[in-house]
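Spelled out from the first residue to the last, the chains are:
Number of protein chains: 2
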Amino acid sequence: MEQYGNFTKVDYYYMKRALSLAKKGIGYVNPNPPVGAVIVKEGKIIGSGYHRAYGQHHAERVAIINAKNNGADLRGATMYVTLEPCDHYGKTPPCTDAIIEAGISKVVVATRDPNPASGDGTTKLRNAGIDVQIGLMEEEAKNIMRFFIKSVTNRIPYVTIKYAATLDGKIADLEGNSKWITNTMRKIVHKLRHEHMAILVGANTILKDNPYLNTRLSENIKYLNPIKIILDREGRILKLEDPTNLNIFKTTDNHCFGKVILFTSHKDDSRVKSLEEKVMVIHSEEITPKFILKTLHNLRINSLLVEGGSEIFSQFLGFADEIYAFYALKVLGKGLDVFSCINNSLEDSGKQFKDFEISKLTVSQDKKEFMVVIKRCSLEL
Amino acid sequence: MEQYGNFTKVDYYYMKRALSLAKKGIGYVNPNPPVGAVIVKEGKIIGSGYHRAYGQHHAERVAIINAKNNGADLRGATMYVTLEPCDHYGKTPPCTDAIIEAGISKVVVATRDPNPASGDGTTKLRNAGIDVQIGLMEEEAKNIMRFFIKSVTNRIPYVTIKYAATLDGKIADLEGNSKWITNTMRKIVHKLRHEHMAILVGANTILKDNPYLNTRLSENIKYLNPIKIILDREGRILKLEDPTNLNIFKTTDNHCFGKVILFTSHKDDSRVKSLEEKVMVIHSEEITPKFILKTLHNLRINSLLVEGGSEIFSQFLGFADEIYAFYALKVLGKGLDVFSCINNSLEDSGKQFKDFEISKLTVSQDKKEFMVVIKRCSLEL
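Residue numbers (this note's numbering), protein chains in the order written: chain A, 1 to 381; chain B, 382 to 762.
In case anyone wonders, no lab produced these hints; they're calculated from the structure.
These figures come from a predicted structure and were not determined experimentally.
The beta-carbon is built from N, C-alpha and C at its ideal position, and this holds for glycine as well.
Don't take each hint at face value.
[Said to hold, decoys possible] The calculated DSS-like cross-link candidates involving lysine-lysine, where the alpha carbons are at most 25 Å apart (straight line), are: (1) K523/B to K715/B; (2) K748/B to K367/A; (3) K375/A to K741/B; (4) K715/B to K290/A; (5) K756/B to K360/A; (6) K354/A to K560/B; (7) K748/B to K375/A; (8) K560/B to K334/A; (9) K142/A to K631/B; (10) K334/A to K756/B; (11) K367/A to K732/B; (12) K368/A to K523/B; (13) K748/B to K351/A; (14) K715/B to K351/A; (15) K375/A to K735/B; (16) K367/A to K631/B; (17) K505/B to K487/B; (18) K351/A to K732/B; (19) K732/B to K368/A; (20) K487/B to K334/A; (21) K334/A to K748/B; (22) K354/A to K715/B; (23) K741/B to K368/A; (24) K748/B to K354/A; (25) K568/B to K354/A; (26) K367/A to K756/B; (27) K334/A to K631/B; (28) K187/A to K560/B; (29) K715/B to K208/A; (30) K631/B to K560/B; (31) K560/B to K368/A; (32) K360/A to K741/B; (33) K741/B to K367/A.
[Said to hold, decoys possible] Covered by chain A, per the in silico footprint, the following chain B stretches (three or more residues, Cβ under 8 Å): (34) 540-552; (35) 729-743.
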C-alpha cells in the first residue's frame, strides 16, 4: 500500500469523501464548524453523514445512525472525521460516547478541535482503547472550518470584505451611483451572504441603495439569510420617520436573532423603543471595528461579510481575513475610492497583505468582469 | 478525411505550424506583419520559414529557399501561409512571382492582406492556375498581426496601455513614489516593450522615475529596444541644463530612428539644436493624442506601448486597443489614480469597453500579484 506520511492512499480517499460531506453544511451550521464523517469496514463505506444545522446531531452521530439504519455492525470499523470528536455536553451529547458505544476501533481525524470547550476527545477515545490518528488533509479541513477556527482562536469573527469596483478601483461615481458596477457574478455574492453568519453595511449604503441584504439567486438550494448589521454612528437611520420602511427590515435572518443589529453613538433613544421588535440597538460612545467585532463574538457570531461602503471598507481592511474583489471593464476616473479613508505610503501599502495570497482568480462568462479572492494563509496568528 | 468548413484536419495542422513560425517574428519585423509559411508535398513538410526582420525576405520566399536547400522539387506542392502573398516590389520582390516560378500548385491562406499597397496576390496566383484557398485559422492569424492590420486599416498605430496599480487602482502614493508597485511580472513588461515598435511616457514620468525604457530581462533571446517617445508639452525636459544626462538617452532603439521623439508645444528652441543628434523634436501648438498617433503613423510606427503616467493614461484610454493591467496585493487609499483626468458617470464608465473583453487573467508565482489583459475583439472598426 502506498504511504503518504502516516496515511495510505485509501485513507486519503475516505477523508476526501468526509470533506465533501462537511462542505454541504457550510452556511447552515454557524456558529458550529461544518464537519463530515465516513465509517468504513472491510473496505466498504457502511455509514456517512455531516452536521446539517446548528443544534442538530454532529457528523459522527449522523454517520453512526446511518450505519445502524443500514443494518451494519460497527464493531471494528474505522471512522474518518474532519474534526476531532467532541467530548462535552452541548446542544447534543458527546460524540466520543457514541463512538465508544458503537465499538468503532479506529478514528482518523483531519484536525484537532481548537475549542477548549469541546473537551479532549482524543484522550477519551484513546483511553477507551481506540486507535486515533490525527492530521490527514488537515489544511483542507481547516479551510472549510476557518470561520470556526478564527472565532475560537482569536475571539472575534472571521472577516470577509466584498467589494465591486471599476478597473481604477472606484465603487461609485461622483454622484454616488454604484448599483451593479459588477453584475454577472452576483450569484457568488449571494452564496457569500449565505455562508457568512452576519453582514455589515454602513448607514450611508442603507440610505443610498436601500438594499435587502438577503440571499437570492440560489438554484434549487435553500440559502440562509445572514444577520444584518448596520453601523449608524450618527443615528441617521434612527432619526428617520419610520426606518422599518427600509428594505433591510423587510426580510428576516434565519439565525436565532431575527432582528437587525444597529451600532450607534446617537444618544436620543426615543425612537429605539418603537423599533425594539425589529432592531437590537447597541449604543456606545466610541464605535471601533474592534468593539463591533468583540460584541459580535459575544453574540456568538463567527463570521462577518463586510459589504461597504468606502468608509466601512477602510475601517475593516485591517481586520480582514479574506477579500472578494470584483472588477468590471469600466473606468470612472474621478469617483469614490474603495478605501477612501486610508492613506498609506507606498512602503506600507503591502504590509497588510504579508500573510495573504491570491487564492482564486476567475473571469466572468461574458469576459467583462473578473473576481480575485485574497486570503490569509494561516489563521494561527 | 474530416472536414472543417472548406478545410481538413490536416490543413489545420500545417497552418498551426505556419502560425507558430509567424510568432517568432513578433517584435523583429515591425512595421511589417509577422508571417509564417510551410510547404507540403505528398504529406511531408519540404520547406518552412518566417519573416525574420524588416527588409529581409518574406516568409514565402524563406520557405521556398528552405525547400530548395533541402533538395526538394516544389512542383505540385501546397503552401500554407498566414498572410496573403504580396504582389508588389517593396524592399523585396513580389512573393507571387516566387510561388509561380517554383511551380507550387495550391496556396492556403489564413487571412487576406488589408494593405492596398500589397497588390492583389490572390488574383495573380489564380490567373497563374494556382488553387488559392482563404480563411483557414483567420482569427488566430489576425491576432498575431494585429499591429499591422490596425495601422493599415485605421492609419494610426495599435495602442496598448500598460499600468501597474494597487488593488484600489493607485499608481503612486501621495508623494509620487511608484517604482515597483508590481514586481514579479516585470519580464512580461520587457517582452511588451520588445513587441511594440514604440513606447510613450510623459515628461513627468521621465523627471520622477528617470527610466531607461529599454528591454531587459530576456533569457537567451535578443530583444529589440522600442523607439522612445516623450510627451513634454511645456518643455520641462527641453529646459533642463543637459537633458541627455537622463537615462532614456543612454540606450538607443533598434529601429531606423535611433533617436528619441519628443512632442512639445514649448516655443524656445535654443536648446533643440544641441539635442538634434539624440532627439527628434516635433513641435505643435496643440498636441492631442490623435495628433501624436497620426504623426507616428506617418513615421511608419505601427504600435505604441503607453507606459504612463496618469495624465497620459487618461488621454490615451479612448484610443487603446489593448490594456495590460498589473495589480499588486497593496492598498494605498489616497494616492495617484491610474486615470486621474477622467471623469465618467457610472452609466458611461463601460461604454469605452463595449467591444473589449478580458483575454487573459493570470496570477504571479508568489500569488501576490495578478495581470489582466483586456483586448478589443475586432479591429475592423
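- Message: If you test the structure against every hint from before, which numbers come out violated?
- Response: 1, 9, 15, 16, 18, 20, 21, 27, 28, 31
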